[in-house]
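Undergrad: Each chain is listed here by its residues.
Number of protein chains: 4
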Amino acid sequence: MVRVGIVGASGYTGAELIRLLRRHPEARVCLLAARTHAGKSLPEVFPQFWGLEDERLIAASPEEFVREVDVLFTALPAGEAIPYARAALEAGKKLIDLGADFRFREAGVYERWYGISHGAPELLREAVYGLPELYRDQIKTARLVANPGCYPTAVLLALVPPLKAGQILPEGIVVDAKSGVSGAGRQPKIETLYAEVNENVQAYNVAVHRHTPEMEQILRDKLGKEVRLTFVPHLVPQTRGILATIYAPLAPGVTTEDLLATYREYYREEPFVKVLPAGVYPRTKSVWGSNLVQLGAVADGRTGRAVLLAALDNLVKGAAGQAVQNFNLSYGFPETMGLEDSGIYP
Amino acid sequence: MVRVGIVGASGYTGAELIRLLRRHPEARVCLLAARTHAGKSLPEVFPQFWGLEDERLIAASPEEFVREVDVLFTALPAGEAIPYARAALEAGKKLIDLGADFRFREAGVYERWYGISHGAPELLREAVYGLPELYRDQIKTARLVANPGCYPTAVLLALVPPLKAGQILPEGIVVDAKSGVSGAGRQPKIETLYAEVNENVQAYNVAVHRHTPEMEQILRDKLGKEVRLTFVPHLVPQTRGILATIYAPLAPGVTTEDLLATYREYYREEPFVKVLPAGVYPRTKSVWGSNLVQLGAVADGRTGRAVLLAALDNLVKGAAGQAVQNFNLSYGFPETMGLEDSGIYP
Amino acid sequence: MVRVGIVGASGYTGAELIRLLRRHPEARVCLLAARTHAGKSLPEVFPQFWGLEDERLIAASPEEFVREVDVLFTALPAGEAIPYARAALEAGKKLIDLGADFRFREAGVYERWYGISHGAPELLREAVYGLPELYRDQIKTARLVANPGCYPTAVLLALVPPLKAGQILPEGIVVDAKSGVSGAGRQPKIETLYAEVNENVQAYNVAVHRHTPEMEQILRDKLGKEVRLTFVPHLVPQTRGILATIYAPLAPGVTTEDLLATYREYYREEPFVKVLPAGVYPRTKSVWGSNLVQLGAVADGRTGRAVLLAALDNLVKGAAGQAVQNFNLSYGFPETMGLEDSGIYP
Amino acid sequence: MVRVGIVGASGYTGAELIRLLRRHPEARVCLLAARTHAGKSLPEVFPQFWGLEDERLIAASPEEFVREVDVLFTALPAGEAIPYARAALEAGKKLIDLGADFRFREAGVYERWYGISHGAPELLREAVYGLPELYRDQIKTARLVANPGCYPTAVLLALVPPLKAGQILPEGIVVDAKSGVSGAGRQPKIETLYAEVNENVQAYNVAVHRHTPEMEQILRDKLGKEVRLTFVPHLVPQTRGILATIYAPLAPGVTTEDLLATYREYYREEPFVKVLPAGVYPRTKSVWGSNLVQLGAVADGRTGRAVLLAALDNLVKGAAGQAVQNFNLSYGFPETMGLEDSGIYP
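Chains as they are written, first to last, in the working numbering: chain A, 69 to 414; chain B, 69 to 414; chain C, 69 to 414; chain D, 69 to 414.
Bound-form chain A, shown alone:
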């Protein structure tokens, strides 16, 4: 049994980590930390856990943390995971960060898009980008895993195979993403009140969302050249789920079937990636609560454009589930352990 600690347990990502790790046969959740809720019992913070009154959220220093656990999951605002990472690595423990602190190779990019200076640029070399379908081998041996953002997970899984195959061209790619509101977190804001979100769809952070450089960095790494994305996220009235609709110039003669064949080949052995048949499109509801990604594609010969579609649950494959997948890789457990669920429908 691996002893696990979660820092940032009072957010939605934290709750999802608790749900998934509590039922994981090889994990034992030992420490739950959340600054503002320290001292409360778990069900006082999250009502799905009534019956677990004995589990409490605490405030613990990074040092205390690494003493008690083998691996830390951090789900914290930008900048705050750094002391935990430092303590973990010094103590020979592992850390899987679900925030942005270790996703960038260059501190400068992080600083430009996140607006704060990076407290430990030396750790960026150490960190591995935790998207198993693209970096599986590196994750297996990593001490510090930077779990990807929810949007990049969907977009990169859809874009990398046809770009590598030359079926789509890297100029002028547009990413129109739709996300449920849980991605905005549990801090109360007018913008995420039910009465404001219901019957509402809207764009936000148009062309300036922080996941843009994250996606571009990985594309550069995987393709060996610069790819620029016009990225516009939208909020849709639902709790969970991301659908990314990606528009890219189509290489001459490429058909829908060609695109789908590339996906099928690329993800043949992947347990979590489901490639849909022609004419069927991903839906967020189909992957709700699961670690699955659904992919679809259409080649629009009339306009010379590929339409690529990816759906996932932003709190599972887009956050906590992927972190558990990385945990499994890291400890040599079967990759699907604790993540066997299909989507819950309806």
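Calculated from the structure, these hints are not laboratory results. From the three backbone atoms N, C-alpha and C, an ideal C-beta is built for every residue, glycine too. Among these hints, one or two may not hold up.
What the hints assert, rightly or not - Some but not every residue of chain D turned toward chain B, in silico, with C-beta under 8 Å:
#, residue
1, SER250
2, PRO256
3, LYS257
4, THR260
5, LEU261
6, TYR262
7, ALA263
8, VAL265
9, ASN266
Since the structure of chain A is provided, determine the placement of chains B, C and D on it from the hints.
TA: Okay, now just chains B, C and D, sitting in the frame of chain A:
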């Protein structure tokens, strides 16, 4: 491994049975039947199952069915489970029916409320009411289990303990229940279209819902006297979840704490029943996707009335999850096997 | 043209007042005040008003206010309407308060349920309860109108006629009400976030909601005797709408048709009250955005109980629309002026 | 008073026409027709109209219709408006069609995309495309108005000004549109059940939606050259509202402010088009229930792409409201008559 068949696999209850039984370590789902969708692959009917294109829905006679499986789960319209039950019992197999065909002791009550004659009244003696918290021992040895309706599960778990304890009186009990729309099934109807349900709450089947005699029968059995319920179900704009709010005359001097203490005592060993502390009330979201029931209570001394509250997921504890719980009891598996999940929140 | 001012313009009730009064042919909205948003343009606070950048929210003293307008609408937290009322009456202006400050005859009841002392008990004698269907004549000449709470409007319209007719008995009445979340206001709270409300129904303030004494006071006034209500409000996942389901002991022999006939007779001339036929039940969606109330009833002879149902839009007939109806009465305009809309469906 | 008839009164567009025309000071709704519901009272079909039991839906021949009314509104499946149009024009009456039968200049395009032959190609010359902001003068004198589709209204209002101004280039334009589910109509289908739509966002008719040639035809007409659109509509879990996000190559040097200035200039006198300031984006909720369109724009210099945003209510400005706007133009009434409402929020 127990070989399992599901008849009525294309409805929402069927889909939930598939989800739960596929991950159950001791069940192997062998046959899926659904008349109108026979011949289709499973994902063509339910999009959460893409990747399982090889699993197909078939049309099979009861006889074929019982040849191939050890236990049948039937989720069918009224009257249609009877030939399956007969075939199963004749072949020495077990059957867990999620419909209403075997819930009543007397065929006459069934016939009056369901408007059809009962094709096999002799089976009613054989059948055990599948509410484990009330009939656990009988379920263990039953060949034919009648899984309760979604509303009765919530209402009976809330009503029986304080009624038996004499903390509430059996005259003039009112049950106001609120249900998500998945309970109405997957048959397309104007009433359950998104555009009709969103921003809508409404009562239906006021004082004539078919779950009324089912609840009254069990109360009579457990209390040894007649209890009449004014039962009004409502549709609320959500997919899953039932909240039952029950109003009953309070015995003199009974406090909130007394009511909660009775629940805690009665359900002390129950893995799926969570009694909330005073001042905290059940929410459907807290049990979403799980087999849990949350119970709460308030004694309103000012008006001499107890307010009892029960929340569950109508497709899990209210249907498929409870059926799996009965399956576990029936085969001597740990009662929570395959049902360990907490609610998925948010 | 009557010059109108709105104090508390940045809440949901305030926004609805602006919407209704801006299109009212006899009202000119002159002043909008909102403390925390003072200085902002109207569309910066409410995005439905882009195009009206010139209208600004201000902070104004009660004295300034009454100088500029003929009538004030106040939609403020408990206690805060009192200085406006005092200034208005001193200056010979009118005030329609949408809060609770003037709803009670006795300051002691207000103080007990609202937990603050009442700053101007002498005004309580002056105030008229602004439920036109019950107090029309008094409203016509009132200087100070106390607009009812959203729940009391629904409950009183359903309860008063059959109680007065003796068709139901006043002992043991239960009110189970379901409300959309806009009633909880626009202050950000975890409880009203989309991700917490969606797929959730829950009771709150069980048997201790502040609208209880308000309803009981009016029943006492109308019936000449004490009536105690067990009142349990619930939050349902929708923005607008209240459905009240009321359970009362039925007088012997009373039928569904009797109850409906009483409603039809009582509300024969009422433009906003719609009595549904037997077998049809009110829905919140049917009155969405309108000043209408739908009423329905069932006599359950089997259990000796009447089920009374009332649906309204909590922001219109439950708040701003009713305030405009009172405004019309107060100035002798046709009662439906500016309130002609049917429900918006779907 | 203009005598008005509505054919296809039992769909959502029909209901919205009834709502808007009933409160229009110059319209008198005389005839309501709906084949499948003929003989029913209006509230039996739409519950927001209880109180109007005397209004009935009838089945009437085109000839009867044109005898009784001055203008017909037809909201019918493809092909079915043609006999009404013929009868209306022969009798010297007007017709405003909300379907697709008269939107195309060439019958061949209609036949290719709608899959049926056009029964009256000679009427296509007569018909005027009913988008007032682009064809106001022609609408004023038209006898036959082809009300635009909901998506084209949003997309064309956003695309035409910057295309005409040369601020965006016509090659490689992508339209990603999100629509509430009321656009799919009231016919019961599994796809539009609440339990299927809630928590779901999905693309449909990818690159083959019938509104594509409609938009391309108008762009050709307005710009004098061929423009091809990659158009992907999506269903989002809400009842009403369309948000169109449009991506187009940006002409060199064009800024966000340039794009917005073009909108402001182009729509300076338009009562229903609201151009938002830089940094503010349209939301469907802001225009809910109103005839307004909100427009926004961002010039993404980093990728050389303009992002144009348009939001409207698909049943109002996208259908019934725009039809009333055309009606007003046609009879010389003030263009905003009966359409004065702001969005209803929340």
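Undergrad: Find the hints from earlier in the document that the structure breaks and name them by number, from lowest to highest.
TA: none
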